[in-house]
Amino acid sequence: MNSNAEKVARFGMLTALALVLGWLDRAIPVTWFLSGAVPGIKLGLANTVLLYAVYLMDWKGCVLLMLAKVFLSGFMFGSMSAILYSLSGGVLSLAVMLLVKGRPRLGALVIALLAAASDVMLLLRHPHPRGQMLWCMILIALACAAAVAAFIVIGRRREYAVLGTSLAGAVAHNIGQILAASAMLRTPQLMITYLPVLVGIGAVVGCLTGIVAQRVFRALRVQTHQ
Amino acid sequence: MFRLESCAPARLIALLMALGLLASGCASHEEADRVRLRVDGRAWEGPAVSQEAGEGLRVYVTRDGKPLIDLPFGEAHSVQVLLPGGGENTVAITGDAVYMEHADCDNQDCVNMGAVTRDNLELRVMGGFIICLPHKISVEVRDG
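Protein chains in written order, with my numbering: chain A, 1 to 226; chain C, 1 to 144.
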């Protein structure tokens, strides 16, 4: 991170990676596996690039990378509205990741509490869950367990700090997107219906991408903790 | 220290953001035109909000927060929404189910969302909603 050339090269590489992974995100139909029950779910591989950037670059570089990713992939694959959703998710997730970077345990704990709260909220609204709702609740309960596990693991082994940041970033991205969607459609009820599910699924996906990111950092010999 | 002139990506981003603003300006200009509706194949000129609401489940079709039409859940209808900028969604109401029959958007999420029926209204992940984000159309089944 000393010379300017290294910075530019790193920026270019990460931008390219974000665009390629953005395409891959579109190519893997996660929604299809969930039989259309939960629309708009992606693996979020492109957002893991932001996670790398949070550790590899300073915050200004991260903001630039996020904007480059949102606008370039928006113009290549999506529409104007897709750019707005993506921008809202990107801004929120980046802000949260930069905040949580120094205290990943807190991030994991907050996500665990959020997942637990959304499961309880769903259970209050649907006292006898069946079908899609039952699967969703099981998924969110798993997410809560995963976040608690991440909290414990980060406490024991500092090199897993990435997990907490990844979890918080993924959930924040989902919250940002649903905020944008309900603002665009001007239907706040949509948020109440869909937010708990998105928080749970964000935690599951964030855990998976966090494990991948941890492996990548170990291979790159990047110091992710002080 | 962050200096704009030392940072080539900053200029690129500024250019992109300007382009984005321009595009969104064009998009909002086009919004001024009216959305056209065809119900059961005929052009619909009726009021956006019906007066007969009150009893039982109804299907509400809205675009961008503005109501377009609402129909009783129990009757069979096909509602085609034609957007001013080109773009079309067909909502099918069969009497015991509501689903997005066709949409010419790029992600087809609304078509894949499946049907809302009396039985799954409470148990669907999306509740009574069927959403087409690219076209900003929401279909909701709820009590009148």
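To be clear, the hints were calculated from the coordinates, so they are not data collected in a lab. Yeah, the Cβ is synthetic: ideal placement off N, Cα and C, and Gly gets one too. Some hints could be false.
Stated by the list, open to error - Okay, the calculated beta carbon distance ranges per label pair:
id: 1; chain 1: A; residue 1: V120; chain 2: C; residue 2: W44; range: 27 to 35 Å
id: 2; chain 1: C; residue 1: P47; chain 2: A; residue 2: F75; range: 37 to 45 Å
id: 3; chain 1: C; residue 1: A48; chain 2: A; residue 2: A149; range: 46 to 54 Å
id: 4; chain 1: C; residue 1: E45; chain 2: A; residue 2: M13; range: 24 to 32 Å
id: 5; chain 1: C; residue 1: G144; chain 2: A; residue 2: R218; range: 54 to 62 Å
Hints, verified against the model:
Distance hint check for V120 (chain A) and W44 (chain C): the Cβ-Cβ separation is about 43 Å, which falls outside the suggested range of 27 to 35 Å. Distance hint check: the CB atoms of P47 (chain C) and F75 (chain A) are about 40 Å apart, consistent with the given range 37 to 45 Å. At roughly 51 Å, the beta-carbon separation of A48 (chain C) and A149 (chain A) lies within the given 46 to 54 Å, and the hint holds. At about 57 Å, the beta-carbon gap between E45 (chain C) and M13 (chain A) misses the expected band of 24 to 32 Å.
Separated by about 58 Å at the C-beta atoms, G144 (chain C) and R218 (chain A) satisfy the suggested range of 54 to 62 Å.
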